[in-house]
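With the hints as extra help, turn the sequences into a complete structure.
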Amino acid sequence: MTLTQSLKAGLISVLIAGTATQVSQAQVPGVTADTIKIGSFGALTGPGYLYGKLPMNGIEVVFDEVNATGGINGRKLVLVREDDRCDPAAAIGAVKKLISEDKVFAIIGGGCSNATFAARASLDEAKIPMIVMASVHDGITTPLSPTIFSVALTSTLESQAQLEYAISQGAKRIAVISMRDAWGRARYQPLMEAFQKKGIKPVLDEEMSPDANDATAQVLRLKAANADAVLIVLYPKPAAIFLRDAQKLGFKPLAVGQTGIADPAAFEDQVGSPGATAQFRTISMVRYTPEDPAVDKWRKAIESKFSGDRLSVFNLFGIGAAQVMVEALKRAGPDLTREKLVAALNGLTDFKTDVYGAGITCTVTDHRCNKAPTWIAKEPGKPVRVLGVTKVE
Amino acid sequence: MTLLAYLLLSGLTTGALYALIALGIVVVNKATGVINFAHGELFMFSGFFAWMLHVQMGVPYLPALLLAVAFGFMLGVLIDLTAFRPLKNSDVISLVLATIGIAFMLRGTARVLWGGKSDYLPFPPITSPEPVMIGELMVIPQQLLVLAGAIVIMLVFAAFFRLTRAGKMMQATADNAKASTLVGIRVDRIYMLSFGTGAAIAAAAAVLMAPLTLLYPDMGFSFFIKGFAAAVLGGLTSLPGAVVGGVAIGVIEALAGGYLHSSFIEVSAFIVIMFVLIARPTGLFGPSGLRRV
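In order, the protein sequences belong to chains A and B.
Quick note on my numbering: the first sequence kicks off at 9 and runs consecutively.
Quick note on my numbering: the second sequence kicks off at 819 and runs consecutively.
Simulated from the structure, these hints should not be mistaken for lab results.
Please note: incorrect hints may appear among the correct ones.
What the hints assert, rightly or not - Covered stretches of chain A, going by a simulated chain B footprint (3 or more residues, C-beta under 8 angstroms): (1) 221-227; (2) 236-249; (3) 280-291; (4) 300-313.
To be verified - Every beta carbon over 12 angstroms from chain B, so not counted as near; a handful from chain A, in silico: (5) Ala202; (6) Pro218; (7) Lys231; (8) Thr357; (9) Ala385; (10) Pro391.
Glycine is no exception: its CB is placed at the ideal position from the N, C-alpha and C atoms.
Written as structure tokens, this is what we have:
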């Protein structure tokens, strides 16, 4: 073969290979030669925006950072947002729109648990890779979905952590106060199973409604039972009423919350009774408070991109989830397919992000990739501080 | 005894608020024959209005309360003008649906205006948040203020209905709208006044309640249900009945929670209402059901 013939053959091969790649990428939804379209759904409006819009802002600043350094294998990341208003029906609609109309390659999303859980069937049907950023409903990851991975904690893991923490603090007479709606039951039942596994019984098992305005009866009963720790499975509103009335009646147990009460500073204002939150501890999905110097870089990024915003823990949820997605996209390589992305996610072992309490590990049989609840507290008049991390198996 | 005293105090405070909400529902129903399903949202919206004045703009509590009551009154008038008056000759279902539509509109507006600031907005108490001892009882001063405020508001409205011309005209219209028209009462204005007065009572209840609870756009419906239950227990058209019904529900909830289990708090009052209505379908203070003609 002459040199000219060799050059011709080489050129043709390159052209064929290039065309083949273009053809194969053209068949991969959301991927072009220079972009990868990632979808996100969650509440952009309404009170649930904390779990939707703010994590999405976090995703956006991670994508900006990646894009500024040339993207992933030459492709820039593009985020497409859909509003589910924390509404299950709207979440199904948002997911279908992302898949069918926006034709995204993968999803980082899921703010409100019930909405994300409702959308699971549509996600499974489309076999679209997804990283859950904030929803904690067990049913999103259990039974295993081949393509849905969660870097949020799950309600079972949180319930286990609540009990572990109370025991680790020396509590001997542990009580429970819970809501019994769908959200509450998703946590209450695993909590009772965790009690059973430890071979202990709660000294008292009380209920509160999400709209309760008084907790005198519950506090008096818990006080009479001499509980030294109360595991709180409540939204911030009833939890605030409970701690206010506990303070009023001189009942000061260790009060152990969960990610439903994710902001101890706001919670202190909601309780509104000085000193009532002194014994209150709660779970954060991330190991840093927004004031921590370790997240300075992200504070600057959020505050410069979204004028008027201040970095919040909810931004950090999105930042962590986006870092996991970016790493998996890199590992999936230039010839991107959804199958390769899923394989890359399944292979993540102890991957360190800038925000989570421990490394992210996903396996083929367990897509609950974050099992490190971080304990946070706020003493009156002081900033929120991190107490430590509980690793749950 | 201390347990009972605590439960009674807690029940009376919560019950007084249920009574205020029930009063607003009864005032409108008595005059117009319509249950205003937007009543809870009027309560919520006025609470947020007071929060804006007091927390965001620094208006002192009492002027904020009075302005919120005036704002509530205007909202009530607006409901009369936009929903009740155009449909007053329609069947009751259409009127009820109109009030439900307004409830959704107000809730949606509140979500846009205030839903995004935080999950639940705190309203600072006007008294010290520190509990105080009264005898053997530890009490939050705001609780006593709410109780006293609720009693004062009930007395003011009782005086309004008994002593003022407008109140007497409202009573007359409620008793017989056609006869009232014949004697020269402008019934349309009375309907408007009734919607306004009902909403003003809801606003007063919201501002009293706000420091003890928290404000959030979806809070209206749960308060409405309790107020409606109190109104039904009292007889739906009886103002004293609304007060008795509200206090009874508050006290029953507290006693059931303290002596039985906290899971009975939400259902206990409704079980009692069910038995009362079986025995007396028109409620405790409602008109006697049947009479010979």
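Those earlier numbered hints the structure runs against, lowest number first
4, 6, 7
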